[in-house]
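Fit chain B to the given chain A structure using the hints.
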Amino acid sequence: MEFATSSDPIVNLAFWTGIAVIFIIIFMVLYVLALRYMLIRDERRRKLFMDTWRPILIRSLESIPDVLPSVKKKDWPVLFNLWNHFHESLRGSAKDSLNEVARKAGMLEVADRLLKKSKVKSRLAAITTLGLLREKSAWDEIKNAAVDDHPSVSLAAMKALIRIDEERAMPFIIPLISARTDWPPARVASILHEASPHVICAALANAILHSPAPYIPRLIRYFETIACDSSTVVLRQVIEKFPSDTVIAACLHAFKSPDALDIVRKNLTHSAWHVRVQAVRALGRMGLIYDKYILITMLCDQQWWVRYRAAQALSSLPSISTAALEKIKDEQTDRYAKDILVQVIAEKKMA
Amino acid sequence: MTLSDIILMSQWFFLLYFIGMNLGYILLNVMSFFTLTRYMQEHGTEEGLSQEYADLQLPISVLSPAYNEEATVAASIRSLLQLNYPEYEIIVINDGSKDKTLEVLIQEFSLAPFPEAYRVRLQTKPVKTIYQSTVYPNLRVIDKENGGKADALNVGINSARYPLFCCIDADSILQRDSLEKVVQPFLEDPTTVASGGTVRIANGCEVSGGFLVGRGLPSNPLALFQIVEYMRAFLFGRLGWSPLNALLIISGAFGVFNKEKVISVGGYLTNTIGEDMELVVRLHRHLRQQGVPYRITFVPDPICWTEAPEDLKTLKSQRVRWQRGLAESLAKNFDLLFSRKGGAVGWLAFPFMMIFEWLGPIIEVIGYAFMTVAFIFGMISGQAMVAFLIVAMGLGVLLSVSAFLLEEISFHIYPKPKHILILFLVAIAENFGYRQLNSVWRLMGLYHWARGKKGHWGEMTRKASWQKTG
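Chains as they are written, first to last, in the numbering used here: chain A, 1 to 351; chain B, 1 to 470.
So that you can see chain A by itself, here it is in the shape it has in the complex (with noise of 0.2 Å):
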């Protein structure tokens, strides 16, 4: 060991480092094989207990069996992730048979103590259980956590309260869903649609109605989703409230019914372009054929996303043909106005 008895202080300092390095290096790739052996243990204990329990619960839909395989403690969430699934595929009173061999099993029990663990996927796994057991003892817990920081956990747990009692949800979960902007808008909407329309529109309408004004337009999308008889009256309502640029383009956008053509046609010369815009959109779906007029003049609008959409708005008017449009845009003066026309004809012979 002549390098660990030099007196050079560079050399002692390389030898040293280059020590601890290839005892670190030797460490790592153990721990890698380790890990990668470990992936491959469990995999094959997950196909093994996949195996005896798939026909477990497919026999059940039957008749339960009185005797149900013990679970080891490593194997709950595995169990958990295959008892969601089917349940969720699962219509009528199929679900009632799951739910059986769920509390025989002490699925009930262990939901409890997975709930309070770290690891997301086990918390996942449980709350989604208790929810689709529609389970009412677990609500405080499942409560908090809704307002977990982790997006899929509060998600999956608003679903869950959904579930267990959706009236009683609504007042705690609309003013989380106008506060989480990390809830992915979709996911989102797609829980709602697990509650009653009457239930979620009456919620939404209150919400809209007396949130802050930053939380109205992703509130109004959610809305315009459910596609709730009132909307109209509501939106109305809310742009009188409040009148600015981002409410009244939100309620623009979502605007369905002809009733609401008069603030349409008011907002066609408002001073934000992407309320424009979404005038003109509107126009194109509920505007009569006079309101073809109107949409001329959009087309020299000094935005192209308004002539873009005044053309698009112009093409879906009742009786506009082809030809029409042709003859429309024969008359244009304006260059913008023509070259925009020429595009919507194009696309409108493509399509």
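Honestly, the hints are just simulated from the structure, not real lab data. Glycine included, each C-beta is placed from N, C-alpha and C at the ideal position. Each hint should be verified, as a subset may be incorrect.
[Stated by the list, open to error] Here are a few chain A residues that face chain B, going by a calculated C-beta distance under 8 Å:
(1) L30
(2) Y31
(3) L35
(4) A179
(5) T181
(6) D182
(7) A346
[As the list claims (entries may be wrong)] Here are the simulated distance ranges between beta carbons:
(8) A:L48 with B:S208: 27 to 37 Å
(9) B:G216 with A:R285: 28 to 38 Å
(10) B:K100 with A:L61: 24 to 34 Å
(11) A:D51 with B:G24: 47 to 57 Å
Okay, now just chain B, sitting in the frame of chain A:
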């Protein structure tokens, strides 16, 4: 000062430089470990997007610039057309290809000239014709005069209809859920302006119908070395900076950007060879200067695969180009370095990149040359030489092995234990020549940059031996 003093000081300098550089990367590695663990907890459990609520997702314009890609362009576009995403359009920009790229596109996708009211928001070389596919309503092709990749991307941005755009290389192989994954940061944080994905090497894998269907390792040693390199570069080279909001590179092969923010900083710069990195550094600089809250994020999921060069000539040309791009990107945005509002990017990532990546090749090559010459002429002892090599190479192996560890706790890309063993041997082997060769190529890149040599489209010899038609 005597010659022996100079030699002693130089020895200390090179030794401390190598230790410092590797310690820096090890710190990034530790940061990545925590980020990745949290990411796997948060995202390892999510379901796909619900197609029913497509209206609530952010639509994306996918921009695919193509230059002389007649052999692969049709397969690439077909795979893009099969991505799982509720609303997206594909814009292929033919940058004045000299081969039959345009003809192939016209024939394969039934393109017809389309009178689009094209908006010039970023100045570019003239657009010749815009085509629309008569079969796929979300596919358009823009034929333009040659102006380089950056110019082609700017044309794509001008034509893009959606608020986010995704730039991809025509030869990239995406996963079906690539867009879903890479757009997540925009959904989770509305201040996100850019998000990049992990790029992995497709050599040795099985590709069918434009998608990766089987994972494996290539037999070509150069491709194997690059697998280890990419693992290091993406799993901690980028992931480590992301939580500090100090990510300086989003690969041109796959990244999503907020269109308006990119237009507001002037789009892609056409007089640089590393337009992808330059744009990200410029976004940081502008948004920091303006005090605008923003995030530039990295998604660690392996969502984009690319073919690595398997011959020295192509690899050398690629590395020379990359180093030039890096030098240009940092030089053009030098104001960011230690700027008052620079934050972690100006005070940590930029100086780190400057010392270890930009100037690194100079010190590395001189370091190796100095130690070798000094040893040959008996100015340093054999012990000192061996100790220096143990540090330089041992730390290199350590970084590669730590990248495997990150890989093993997350995605398990390579399924067989045999793969781990091979990659471990490659991680050792690459330190005996390959890394040094890379340093020399990077030094050449710096030389080209200093001479101000004009950049051009990176042409690559593609073998695509792994690709099946389907």
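Verification of the supplied hints:
no.	hint	in the structure
1	L30	11 Å, violated
2	Y31	6 Å, holds
3	L35	5 Å, holds
4	A179	13 Å, violated
5	T181	6 Å, holds
6	D182	5 Å, holds
7	A346	5 Å, holds
8	A:L48 with B:S208: 27 to 37 Å	32 Å, holds
9	B:G216 with A:R285: 28 to 38 Å	52 Å, violated
10	B:K100 with A:L61: 24 to 34 Å	59 Å, violated
11	A:D51 with B:G24: 47 to 57 Å	49 Å, holds
The structure is inconsistent with the numbered hints 1, 4, 9, 10, although it conforms to all the rest.
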